[in-house]
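Colleague: Protein chains in written order, with my numbering: chain A, 5 to 628; chain B, 419 to 674.
Worth flagging that the hints you see were computed from the coordinates, not collected in a lab. Fair warning: this is a prediction, and the values are worked out from it, not measured in the lab. Be a bit skeptical, because a hint or two may be false.
[To be verified] Every beta carbon over 12 Å from chain B, so not counted as near; a handful from chain A, in silico: (1) S35; (2) D100; (3) L102; (4) S339; (5) N397; (6) E438; (7) N579.
[Said to hold, decoys possible] Stretches of chain A that chain B covers, calculated by requiring three or more beta carbons in the stretch to come under 8 Å of a beta carbon on chain B: (8) 231-245; (9) 476-489.
[Unchecked claim] Result set (PhoX-like, lysine-lysine): computed pairs, CA atoms no more than 20 Å apart in a straight line: (10) K623(A) x K531(B); (11) K531(B) x K445(B); (12) K505(B) x K531(B); (13) K188(A) x K71(A); (14) K523(B) x K446(B); (15) K531(B) x K626(A); (16) K623(A) x K445(B); (17) K142(A) x K116(A); (18) K481(A) x K515(A).
All residues carry an ideal CB built from backbone N, CA and C; glycine is no exception.
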Amino acid sequence: MKAMAVRPLLLFFFFAQVRLSFSGELSSMESIPDLQESMYMVVDGYPCVRLLNLSGKIGCSNPGREKVVASIRRFRNANDLTQLTAVLVSLDELQDLLHRHFGLIGFSPTQKFPQAEFAPYPSINYEWNSMGSGIMLKAYDFPVFLLSESSTSMLQEVADKNEKVMNGYTTSVAEFDLVMQTTKAGTHDSESCLKEQTCLPLGGYSVWSSLPPINMSLSYQSKPIILLVASMDSASFFRDKSLGADSPISGLLSLLAAVDALSRVDGWNDLNKQLVFLVLTGEAWGYLGSRRFLHELDMQSDGVSGLNSSLIEMVSSAVNDALDALKRAQDSLKSENIEVLSSNSSNPGIPPSSLMAFLKKNSLTSGIVLEDFDTAFTNKFYHSHLDDMANINSSAVVAAASLIARSLYILASDNNDMHSSVLGAINVNTSLVEELMGCLLSCKPGLSCEMVKNYIAPANVCPSHYVGVVIGEPSFKPYLGYVDDVSRFVWNFLADRTSTPKENASSSCSKDCTNEDEVCIRAEINGKGVCVISTTRYVPAYSTRLMFESGIWNVLPPNSSDSMGSVDPVWTESNWNTIGLRVYTIQNGAYDHFILIGGITVTILAYFMIALARSLITKALKRD
Amino acid sequence: MTVAAGIGYALIALGPSLSLFVAVISKKPFLILTVLSSTLLWLISLIVLSGIWRAFLPLKSTTWWPFALLIISSVGFQEGLRVLFWKVYKRLEDTLDAFADRVGKPRLFLTDKMQIALAGGLGHGVAHAVFFCLSLLTPAFGPATFYVDRCPQMPFFLISAIIALAFVTIHTFSMVIAFNGYAEGNTTDQYFVPVVHLVAGMVVKSAFARCFCLLSQKFSLLRILFLIVLKNCQLSPETALVVFVWLNVLCHACSF
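Just chain B, with the same shape it has in the complex (with noise of 0.2 Å):
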């Protein structure tokens, strides 16, 4: 596929969250420690579980369960940490919050808040599009293509690149969800993410999803979220409509 469609497949899956870094996060410098150190904790997250599930892989395709205990427990894992998190951010919140108060500037905003929580969110995107699907992309770089026995219609690396993409774009959003859902105590919220992680976890590895399928359901997901999002942003109808009509662009384009 030569170096053209490489640096394609990675511009797919990381292009956004690039932007988003060079749009947002690099105007303030603390958001990039929190990009890099978030990144780092959910790498590291994600190698402690393939170190534990190492011993029981190669799994055998023939029953299901033991697909879905991996991505349960997989979630489930992730989870726990998102709330570590939380705890953690809880905790430095207070000390700048103190800090602040000391030197006489004003307090954390709404707005920083969410800045912070979007920055842990992509730091999380970004260590799953590493870790799934940037490691895969070496093959990509040479002359050959390849295609899914499940998928003949596109490229194995546009699918995991689309698919990295989707997931960048949900960790992002559902650390924002996340982190207001535990500020506010709104259990639905606090809920809502990890029912979606979990669901979009299992959806990729379904034995039954065939390729839009798979696609539509993803981009469904993320339809969804992005409306609680701006249901927390108190965005104006215009706004939502717009970001509305981007997703729909998306969702067809990938069916050619």
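Next up, chain A with everything else stripped away, as it sits in the complex (with noise of 0.2 Å):
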């Protein structure tokens, strides 16, 4: 197409069709601010930003230190452009343009084998994301918005106009501000905008909880450990758009529903084996809260305190058993039509998962991953921003919630000879998986729903798993402002969970509790702090190529004994001062011209008038 070769096309994506429309009406001003907002009409959109790797980048910005200023078409009617312009392109008609072009097909925009790179396996071509066409791993040198569905239908009837009145005065035009750091400063990949501080890392801060909680005065711990690990993060082409519904939050959602099962049950301190559950963040950008969990975990670390990294089972026969549990479980639970099959023994190893990291710190772990599909990923929105609420289904995520809850209690207990009232006690609570999605996937309710708000003061309404930066040092007890409003939600719900009853009546707290086996929960909310008896802390998720020192992040060099660290991308996004897009109509630049060159003949002009009409008065005087 011959649009292509011209000018870039700036680009806009839309989905959906709401009936909004726009009018520049002038008796609901009332002052000059008011006039200057209707004259600006600011669009909600989602942008892409640029991020950044050791090797390049990815993403989009404007190509320069200004903002971008084009005029808006539809993509059906960009047939011959001569100019810098702004395209609406629908999703159909990108995918289109992908498939004609490019031969990319799928909604997925990330690799077909996402972060291969870190598999414990050498065939690193198998496809496990099929539908996956790569584009999010692409530079793009001009800036992409995601529109709202009200936004969309504005801007369809702006360019429909533009299309009708084409006299040539007046036109409008889309104003992107997208300006990127690095591009201003020119650093152009993640050694050397770390280094010029025009950019920060990926990561966050990941959560563990042990039930029961973990007794700190005992100097050995000896109890084998069981963890259980789901990952929040999520990624896609538009940064604050990543739901990441089936992937991964229905394992988050299935980890937070088993943990309120089991909590229900009692004598976790008369079993033989440890639980601690395990959320991790910044998997989707190169493992980072599994790889440095690991490293915490060798480093011995006060964050980790209480977990060896011997206990977490090694076992040879633990897989054995596992899978036994879960099919013990399976049994139990009969009468609700789920089923556990091993993978087909044609795929090359373990899907893209955090067992992957274990895994290559340590290739005697025994682990399982479970999933939803089988030889390559069911989830054809993988990484997209299309991946929401109605991509999952809530009784699939009780299901998968049911059977870990009793297939944990089975291999924690140990006992071959359980009664089934036992197993049958234990049940996934179903109002509290549909309350969670509506939290944690959508934006109605949203991170304002009941469940939340009893926790913590979340700083948005609308959800976004997006792993984000690391602001400020790293620490195991953050600033709270610097934790993400799910990686909070998440610590005091496992807190909460976890917690064993006092026989003494609990104090109220702000922030910390004096006793070291306590933590503070609902500590943002006024008032109602409490100290719990429980053992659950954050552990920061970033890169384990790098450092924070006085300031300034470093990159390490890569170490032999870190090979997962050896072939880290190690992620960091650009810092910028706004992002922001607005629709105004412009002036044709003679128009202007007209216009100044009016005003000045007609004060010209009225010069002469005057001129003419004093000397015409002053004759007539002299008449008479």
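Take the two lone chains, each set in its own frame, and fit them into one complex as the hints suggest.
Modeller: Structure, rendered in structure tokens:
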């Protein structure tokens, strides 16, 4: 298509249609700021931002330091473009374009084997994500925004008006403000941008919690540990629209529901093994959470005290025990149509998951990855902004949670003749799952739902599961303003559920508790903070190749003992001043000059008229 | 719309008054003082009016009579102030004449009095233009333009600049006519000025006025005003024709 060869296109994507009209009504304005507001329409959209790694950059940015101003056209009318244009593209049109010109199919913008370099097996060409197009991992030197539903219809109207009114005087333009600091500073990879401080590394805070709480006064922890791991971060082409419902939030929901079910069971202290729940973040960008967790375990840091890495089950029979437990759990859930199957033997190994980091660390680790697919992802929208609540099924989440809860109990109790009544008492609360889905995967009610507001004061209403950047110095007791909403909610939820009830009355707190075994939950809600006995901690999640020293991030050279670190791309995100998109009408340059000349003409003409009148009046007076 | 257009709009609104200032007023220091004090007085009157009406704004635009009340009260206040202005001027004139008699210089001629009236009117016009148009022009210096639904052919700023220009002219010449009317006791002239002011104000605010209607009505009023001024100045028919032609050119220029 001819348009592709001309000046670069600036793209918008949109979907769905909602009727909303825009008018310039004078009578509703009361002041100059109101006038300015109606002249400039702010469009709400989700940007695609610039990310960098050690070898280059991906994502979108304005090409220079200035805002980009371009007139708006619809994709189907954008055939003969002679100047900078902002193009409105619908999802279907985009898919069509990618297919016809680049041979790419599918809605998933990431690779066909996501993060293949971290796989503990050599077949990196296996297509786990057959619908992967890889467009997310390319660099674009023009701004791209995903429009919300209301903005879509508004801009469609504007583009249609542009098409009709071809008088050449006025046109509606879009002004893109997506100026990235790395573009301005000329730093085009992670190492240089971290040195110049024009970018920040990706990362966040993972949460771990143990059931029952670990008694810190015991110098020697002896119980073997069963680790249940889920991930809470996703990625997408558009930074703020990464919901990741099927992958990985459905796993997180199962974990939370299983913890809730298990918390209602008594006698954990009498069991032979200990359960630890680990919710990791940063997994989508180089397994940051799992790698950093394992690193801290090796260093025996404060934040993971009580966990001994040797206690994590390395027994070779552990996998078989786990499979047996799953089978027994499935049997006890017979009435509910749940089935557990081993994966196809033609698979090269485990699918992309946090277990890869554990296996790379120690290939003898016993672990199982529970997935809802067999030979390849069934999620068509892996790492796409379309992976939303409609993509998952709450009954499937409940089924997985029930299975996990019962299997964990069987494994922990290590008791072969357990009464089915004990297992039968472990049930997952379906309404909890549905409520959590509404809180974590939609904007209504979003993070302002009852359950979340019970524990934290959320900063945003619409949840986003993008990992974000590490602000300030990473620590095990971070300043809570630097920890994102979902991490804080998970911490509070797990602390609450895994806590043992206290004999005395609980003391209220606002930050920390005096007793080492206690943590302060609900601290952000005024007057509702309580100290509970629980072992729940934050663990920072960032690349093992980075170190924060005296206010600057340094990239460490690859270490032979850290095989994952040597293939880590070390993702960073560029800084920016503001990001915005607004639409307004401009006049032709010629029209502006016409007005100026008109003004000057009127002034000069008036001068001559007055001079003439004055001379005529003086003449008339002389006559009298 | 950029700086060029912003300057253009400012010139359209205030260019002729600038020309008038340079051509006539700047020659005599007394006239400069008159313009300045007149501008100050009328600006204060507009501020007082807006202060009083602030409590009642914003008016709901469903009925027309609140707007009519607003216009009538504002025009009434200003016309009352004009009479006051005339009284002060009369006292000043007597003082100046007495002073002239004392030093043996001639008294104020008719042309002098008309020039003072012109300066007073110019002050009034400039106050109106600054208050109603120049303050709106700040967004005009930015990149965007603005079109109102009621008048989609011309940018809003152009309309407001042209209306401000019309009002400057109306006020300038109204003062001349009013002073003349008060001096000669000519009641037609005395009542003509407030009526023109009121009609002009109503036309601008009228909900039924469309773009061209609005501007052509303004300029018809201007034409009438001019005829009256010319009659007072006792100019010859040829000059009247010249001025008339100029007005017509202006009227047609705005209907592009």
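Colleague: For every hint, state whether the structure bears it out.
Modeller: Each hint tested on the structure:
The claim that S35(A) is not at the interface with chain B is violated, since a C-beta of that chain comes within 12 Å of its own (minimum 10 Å). With a least CB separation of 34 Å from chain B, D100(A) remains clear of the 12 Å interface cut-off, as annotated. Listed as outside the interface, L102(A) is consistent with that label: its C-beta sits roughly 34 Å from the nearest C-beta of chain B, beyond the 12 Å cut-off. Chain B leaves S339(A) outside its interface by the beta-carbon criterion, the shortest separation being 65 Å against a cut-off of 12 Å.
Even its closest Cβ contact with chain B, about 48 Å, leaves N397(A) beyond 12 Å, as expected for a residue assigned away from the interface. Separation of E438(A) from chain B is adequate, the least Cβ-Cβ distance of about 46 Å exceeding the 12 Å criterion. Interface exclusion of N579(A) from chain B stands, the closest Cβ pair being 26 Å apart, more than 12 Å. Counting residues of the segment 231-245 of chain A whose C-beta lies closer than 8 Å to any C-beta of chain B gives 0; at least three are required, and the coverage claim is violated.
A count of 0 residues in the segment 476-489 of chain A with a Cβ less than 8 Å from any Cβ of chain B is obtained; the coverage claim is therefore unmet, three being the minimum. Using a Cα cut-off of 20 Å, the hinted pair K623(A) and K531(B) holds, with the two alpha carbons roughly 18 Å apart. With a CA separation close to 15 Å, the supplied pair K531(B) and K445(B) stays within the 20 Å bound. Only pairs whose Cα atoms come within 20 Å are accepted, and K505(B) paired with K531(B) is accepted, the gap being roughly 14 Å.
Taken as a hint, the K188(A) and K71(A) pair is honoured in the structure, with Cα atoms around 12 Å apart against an allowance of 20 Å. Taken as a hint, the K523(B) and K446(B) pair is honoured in the structure, with Cα atoms around 17 Å apart against an allowance of 20 Å. Between K531(B) and K626(A) the alpha-carbon distance is near 17 Å, which keeps this suggested pair within the 20 Å criterion. For the suggested pair K623(A) and K445(B), the alpha carbons sit about 18 Å apart, so the restraint of at most 20 Å is met.
Among the hinted pairs, K142(A) with K116(A) is consistent with the structure: their alpha-carbon atoms are about 14 Å apart, no more than 20 Å. With a C-alpha separation of about 11 Å, the suggested pairing of K481(A) with K515(A) holds against the 20 Å cut-off.
Checked against the numbered hints listed earlier, the structure breaks hints 1, 8, 9; every other hint is satisfied.
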